[in-house]
Amino acid sequence: DYPGAACDVPSHLYSLSSAPRADWSRLFPRQPELRGHLEAIAAPLQQAGRIHFGHRLVRARWDADQACWSLDFDNGQQWRARQLVLALGGLHVPAYPALPGLSDFAGACFHSARWDHSVSLAGQRVGVIGNGASAVQFVPQIAPEVARLSVFQRTPNWLLPRTDFAFSPFWQRAFARLPWLRLTLRGGIFCLLESLLGGLTHRRRGWWVNALARRHLRRQVADPALRARLTPDYPIGCKRVLISSDYYPALQLPQVTLEDTPIARVEATGMRLADGRLVKLDVLILATGFNPLDVLADLQIEGRDGRSLSADWATRPQAHLGMSPHGYPNLHFLLGPNTALGHNSVLYMI
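Numbering (our numbering), first residue to last: 5 to 354.
It should be emphasised that the hints constitute simulated quantities derived from the structure, not laboratory data.
Here a beta-carbon is modelled for each residue, glycine too, at the ideal position from N, C-alpha and C.
Any given hint might turn out to be false.
No more than 20 Å apart at the CA atoms, straight line, and that leaves these computed lysine to aspartate or glutamate pairs for DMTMM-like [as the list claims (entries may be wrong)]: (1) K243 x E198; (2) K284 x E263; (3) K284 x E149; (4) K243 x D12; (5) K284 x E271; (6) K243 x D264; (7) K284 x D108; (8) K284 x D264.
Computed Cβ-Cβ distance ranges for the label pairs, DEER-style [to be verified]: (9) R63 x L338: 18 to 28 Å; (10) A272 x Q70: 49 to 59 Å; (11) A180 x G310: 26 to 36 Å; (12) L338 x D69: 23 to 33 Å.
Work out the full structure: start from the sequences and follow the hints.
If you want it as structure tokens, here you go:
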């Protein structure tokens, strides 16, 4: 729930086909609208007894004698199930940087995924570690209110333009009255994003994706020196491609500084860089991503012969078709190993 939190997949594709919506407010909806949409889907399912909130699974054990899973929840309840499907996701457990002295910082410090709304950024000297998908959304939002913003970048990312716009009442009514029109838009968005796959996996085919990203950078960053610091040295597609049309302009505000000198350590008053400079800070925000493997840290899964999934996946997570791990009968993951997408909506795959 950080400032500017929004979807980076167009709304009519970032939705379940079983729960279509015609009145999306814009192409890339913001977090409150997305949450409201999900709550509207969940409400009737909860009333029908098909969703039980407040149940955190802490242990799942395969009972070979009964050929079923024994499930223990944090509220003391125990369930049994023939089939167990884990829809855990992988982008909700924050990854914290291993920086010397991080605990010594005297100011407010929090991860972007655990945003501390009690901390006012107005007139503060703020530092942001990271420049990924979260940072490109909240940096433009907080930049105008801070006294100084220092963005600490280790490796630049490729950005594509974010062509966002609001849907007028006319189009909302049209999507509601003409379902085929909404489905056509959904299918068109899917095909457009799917066409990126060839461009991201074959360098010759992907010349147009690379050209689009370079043109976006060239148009938004006039300073050649800054543009060079923001240009990745790897082909587009090697890392997650980001979508933003306001991150580059935010970096060029007079109170914003891009720091790409390596961080030596964190001190009580700020960030000590490898060149000896001390960047003084009042607030430190960690936009350092997530740890997908930690989703199993608080969940004990025991399969056949007492084997542990956390131990089996410690060095090499793997599952048949990314869904069913060996040795764990009738256990399935919606988003298992090697199932994440970098070019389209994962909801379509689910």
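Hint check:
1. K243 x E198: holds (17 Å)
2. K284 x E263: Judged against 20 Å, a Cα distance of about 13 Å means the pair holds.
3. K284 x E149: holds (17 Å)
4. K243 x D12: The given pair, whose Cα atoms are some 15 Å apart, holds under the 20 Å limit.
5. K284 x E271: Satisfied, since the Cα-Cα distance of roughly 9 Å is no more than 20 Å.
6. K243 x D264: holds (18 Å)
7. K284 x D108: Answer holds: K284 to D108 is near 14 Å, not above 20 Å.
8. K284 x D264: Cα-Cα ~16 Å, so holds.
9. R63 x L338: 18 to 28 Å: holds (20 Å)
10. A272 x Q70: 49 to 59 Å: holds (57 Å)
11. A180 x G310: 26 to 36 Å: violated (54 Å)
12. L338 x D69: 23 to 33 Å: With Cβ atoms ~28 Å apart, the hint holds.
Checked against the numbered hints given earlier, this structure breaks only hint 11.
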